[in-house]
Amino acid sequence: MPESNEPMIHRTLAGENEEQLLSSFFVLCKIVRIVDQSNDTFKNQLSHFFEVFRAVAGERAEVSIKYVSGHYFVGERMVRFDKSGLSGASDIVAEWRQLGIAGVSLDADIEPDDLARFCAFLAVLKPDSGNLEELAEQLANDGMSQVRLLSIEEEEEEDDTEITDKERQRFRQMARATFFKAVTVVQEIVAGARENQDINTAKTKRVVHSLIDHITRDEHSLIELTGIRNFDDYTYVHSTNVAVYALTVGVRMNLDRARLSQLGFAALFHDVGKVRLPQDLVKKPDAFDENDWGQMQRHPLLGAKTVLRNLKLDVHSARAARAAFEHHIQTDFTGYPRLHYDQRGPNLFSRIVSIVDTFDAMASGRVYMKQAMASDTVIKKMRYQMSSKFDPFLLKLFNDIIGVYPAGSLVLLTSDEIALVLTNNDKDPLRPYVKVVGDRSGLLIEPLWVDLSLPEHADRKVIRQIDPARYGLDIRDFILSD
Amino acid sequence: MATNEQIQSRRLEDVRLILRDFLKVIKIVAMYPEDNPLPQSLRRTFAERLVDLVTDYGELDFRITARDVLYNQETVFTDKSREESLAGLFFETGITRLTFKVDVEVNDVYRLLDALKEYQSADRRTRDLVAGLWEAGLKRISYETVEDVALRQYEGDFLLQSLSDLGDEAGALPAAGSVETYDAIFSDPDDPLSDTDRSLEVGFLPSEEGDSSPQQAVLSTGDDEMDGTLKVTEAVAAMGLDDLSGAAPRLPDTQLILNDEHKLSREELEQVDLLVRRDAEFSEYESTCELVKEILHQEAEMNDFYESVTIGERILTEFVKVGRLTYAADLLRYLAELQSRLRGDRPLWAERLQEARVTAGSRDRLGVLCGALNENEEIGSIELRRYLDNFDWEALVAITDLLGALQHDHHRESVRDYLTMRGGEHVHVIAKGLEDKRVEVAAASATIMARIGSEEALRQLARVLKHPETRVRRAMVDNLVECPNDSCLSLLRQLVDDDDAEIRQAAVSSIVARRGQPAFDAMAEILNDARFHRLGETDQRSILIAYSRLGGDAAVDYLIQLAEKVNLFKNRKQTFFRKVAFEALAHNRGEKAERALLRLAGSWRADLKAHARAAMQKRRELIYGGTDA
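Residue numbers (my numbering), protein chains in the order written: chain A, 15 to 496; chain B, 5 to 633.
What the hints contain is simulated information worked out from the structure, not anything from laboratory work. All residues carry an ideal CB built from backbone N, CA and C; glycine is no exception. Hints are supplied without guarantee of correctness; some may be wrong.
Said to hold, decoys possible - Calculated cross-link-like contacts (lysine to aspartate or glutamate; reagent style DMTMM-like; alpha-carbon spacing at most 25 angstroms): (1) LYS326(A) / GLU506(B); (2) LYS326(A) / GLU274(B); (3) LYS44(A) / GLU272(B); (4) LYS105(B) / GLU76(A); (5) LYS325(B) / GLU274(B); (6) LYS217(A) / GLU271(B); (7) LYS217(A) / ASP118(B); (8) LYS326(A) / GLU298(B); (9) LYS298(A) / ASP328(A); (10) LYS441(A) / ASP72(B); (11) LYS297(B) / GLU168(A); (12) LYS574(B) / ASP533(B); (13) LYS298(A) / GLU73(A); (14) LYS267(B) / GLU168(A); (15) LYS325(B) / ASP488(A); (16) LYS217(A) / GLU151(B); (17) LYS105(B) / ASP328(A); (18) LYS31(B) / GLU9(B); (19) LYS441(A) / GLU271(B); (20) LYS105(B) / GLU73(A); (21) LYS267(B) / ASP50(A); (22) LYS577(B) / ASP561(B); (23) LYS267(B) / ASP346(A); (24) LYS44(A) / GLU274(B); (25) LYS44(A) / ASP300(A); (26) LYS267(B) / GLU76(A); (27) LYS105(B) / ASP270(A); (28) LYS140(A) / GLU271(B); (29) LYS577(B) / GLU506(B); (30) LYS326(A) / GLU139(B).
Said to hold, decoys possible - Among the chain B residues that face chain A by a calculated CB cut under 7 angstroms, a handful are: (31) ASP118; (32) TRP138; (33) HIS301; (34) GLU322; (35) ILE627.
The following block holds chain A by itself, in its conformation from the complex (with noise of 0.2 angstroms):
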């Protein structure tokens, strides 16, 4: 629990109450474009509703309600919501999002016939029934002066500008310690595996525990430091950078604490087979001939060998076999190894693993290629050249989280300016916020810590990846130098 005492940036965790309430005024409006108001579901429901309502409106003159950057909050707390309210919730906020609405804000003491009214008035709106001013005027009119409708624009404004320079700073650093304790564990994971000895799973879980609460708290900070692939045994360091990618779609995802927990631990271990083939022929610097290939594509299963020979048996492990054993099947079974028993596709973290893997895999240009790809480029293959091997839904998913550019990039302004891609931005992809290290002269003493998507940097924007490589710069220097 490595943040317990750090200041939350912008994602307070809420309490049972505020997911009660939460799910509770979902389920309202669900009901509310099903049956009349007078309906004694309805009528139960919202008795419900207001019975968690004053708990914890308690003190306070209003309660929001809202989605605000992939996340649901009610007032300024984070809601995890589970999965059962999540179905229900997901086409209202979409519905909401069309018109510009990122959440309702009720007083506190606004009366149920009021917020029955209001919920009615919510189930009927149309994309095209106005603006979110017009639609404010309507709820004023009808007499609905206890309820406010919320803008996205200034709720992820607000969102937004929480973060400070400082505080960012100091998530890089804490994402550092995280990213490379990280890394020593899947040393020890090797070294265990090697050995043939029972492997650490505690210690395993509990990296994977922090790697959660960072990401969701901040997930750039760790996104960015994938971006590091220039090692030398970079089967470690692939196989953390696999679990931040897998973990950030599984917040994404809203997967619960345990399952997240099983999915970093999965995709910490989905390459573990690789130890117990020869050394020199993971490393071989050579042409792989076809004797060589075949042994490489018994990694999956001397993974699963491994996790089940060396681990004890719990949902942990059996993830980890899985995934291990199952992340080069495709979705459209070709891959390897071949399946001879029962012909069932990949089960849901073996696909992401799958996904990510073939990302920093193919980004990376160290684990079976040294020619690296931008990751637009590899993202861009993923989706158009090899979409029947992955669930396109996970792809897309993923290609949301990090977008283009993903933090850790280093990019080419159109200021003529060398930029590290820090945060990148959902809204505009182009313009991210960067931290700017150089420019046609050369490096810059002090970095710039910029903000693309504000107006006053509307002449800076990204035009294209570069790869360090190629230039003799090392991206670490980038990265890890503040």
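Position chain B relative to chain A; hints supplied.
Chain B only, in chain A's frame:
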């Protein structure tokens, strides 16, 4: 009015008390099953008190050392021993701080207690309280570990060290590059990462330039003309993505994909949500079972296959250890199926599978099963039977052995049923249990022998007719009731003479419950034996009635003899036998009995006359269902 010192002292005292209770609750919760009212009540009381305390005093922030718990720099709890350890419980897993925040709720405390319970009952090799607390998702209780402190104090030096350790070819961070280098970045049309890269415009066609990478490619053939794109193609093929070719669709410009279409739509989000919901059904046991089956198919070399089988054996044991017998049975069944498929082409492989199945039925492995059954009363009989059904006769001895160690009746009963069903052809194996020093095993073996009821089984049972333990003889007699083999009557006859009254009675009950000539002969034999008189009157009565019912006409003479015997001195025993003889005649459906009773009904001896008339009336009731008017 209380002084500050007094308030502080009171506060410390309250904190001390709550910590003392904390330890008590942890111990009791760990000790009792969840549904026991005692831990439930203690948990509730403790959680409420703790929440109240936090409400009164604000956040409770405890520092933890190896033996002490400190609050506001004051020691508020000291471990007295390993058994009375609160600080140690947390400290041994690296927790150095535990904080109950101001808005802590009862549910948070419950989660904490649950995590502690799980930790204490977990396997020592793999348990980890910190991971357990994290997974519990405590929201208003925080903790800090030594690792957290290390991470927080991390200043970055370690990172560079780590990077060097991981192997930096250059040995040091490279120079930042010259002005020319930077200038080149802005004017390099051939940067392969550029979107204008020509190789991307034509899909995967090789570029005209050679590889500019300073490092040798893993996939390189040493051919200078081999370019990066080709390596990529080979590499992705190696990753199983082998349909990438020049025919693959052209890649769009990056600028063109940065639109809304590129993002997940609402419908697609629903699909993602569906994936999450489906994944919630993941079962580690089902998944591992299927994976092991698949792995058994994957190897082409015998040694590798042997390793797979060893892994299968390990997983099987793990399934059994945690009481997942359905999956264990499934895996065992599959080993047998595979064995039969491999027998022809790969006899050695089949032999290894046979060995694995035999090992699964060994005493050691069945000991694991026994532990699991005793710990998990909820494992059902059907589940257990399905598992046991996978074993061959070699396992019968060890399975019989289980009978002495199983704690729950339904498990013992299930094993007995199994052995009865499967032991018929291997009676001599199970019969070894009759000699077991443990009474439970001997008794259960006797039960099984009796239930099998074959000639061989009965012969084996005869060895324990005089077993010193009443339970063994009792098991035998109780289970011979259902034995379809009339040969068992010989054993029952002998048990009628047992020293134990209950066994004698049970033997009689068994005999009288039977039908047919052998049963009649057995009863006649008992009646003619002097030891008949040792039996209780109830048993004697039962035998006489059964004798009459089974014997029909053949039984009448003996009963008339008993009825007519002169009893001048009103001997109580003779009076009893006369009465029972008439009762027995009433149960006799033969004409001879009817005639005899008619004759006696006209006797000059009043008592005979009365008994005979009553018996006739009773007989008609029994035969015709009513009295004859």
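| Within a Cα-Cα threshold of 25 angstroms, do LYS441(A) and ASP72(B) meet the stated pairing? | Violated: LYS441(A) and ASP72(B) sit about 53 angstroms apart, past 25 angstroms.
| Satisfaction of hint between ASP346(A) and LYS267(B), Cα-Cα up to 25 angstroms | Holds, at roughly 23 angstroms.
| query | Is LYS267(B) close enough to GLU76(A), meaning Cα to Cα at most 25 angstroms? | reply | It is violated: about 34 angstroms lies between the C-alpha atoms, which goes past 25 angstroms.
| request: Mind checking the alpha carbons of LYS44(A) and ASP300(A) for me, to see if they're no more than 25 angstroms apart? | output: With Cα atoms ~61 angstroms apart, LYS44(A) and ASP300(A) exceed 25 angstroms; violated.
| Given the hint that LYS105(B) pairs with GLU73(A), does the C-alpha gap stay at or below 25 angstroms? | Cα-Cα ~19 angstroms, so holds.
| CA of LYS325(B) to CA of ASP488(A), is that 25 angstroms or under? | The given pair, whose Cα atoms are some 52 angstroms apart, is violated under the 25 angstroms limit.
| query | When you check the alpha-carbon spacing of LYS105(B) and GLU76(A), does it fall within 25 angstroms? | reply | 24 angstroms, holds
| Holds or violated: are the alpha carbons of LYS298(A) and ASP328(A) at most 25 angstroms from each other? | Roughly 35 angstroms separates the two Cα atoms, so the pair is violated.
| query | For the pair supplied as a hint, LYS326(A) and GLU139(B), is the alpha-carbon distance within the 25 angstroms limit? | reply | Answer holds: LYS326(A) to GLU139(B) is near 18 angstroms, not above 25 angstroms.
| task | Take the C-alpha atoms of LYS105(B) and ASP328(A), compute the straight-line distance between them, and say whether it is at most 25 angstroms. | result | Not satisfied, since the Cα-Cα distance of roughly 32 angstroms exceeds 25 angstroms.
| task | Quickly compare the C-alpha distance for LYS105(B) and ASP270(A) to 25 angstroms and report which way the hint goes. | result | It holds: about 23 angstroms lies between the C-alpha atoms, which stays within 25 angstroms.
| Hint consistency between LYS267(B) and ASP50(A) [alpha-carbon to alpha-carbon, up to 25 angstroms] | With a Cα-Cα distance of about 35 angstroms, the restraint between LYS267(B) and ASP50(A) is violated, given a limit of 25 angstroms.
Hint compliance for this structure: hints 1, 2, 5, 6, 9, 10, 11, 13, 15, 17, 18, 21, 25, 26, 31, 35 are broken, all remaining hints hold.
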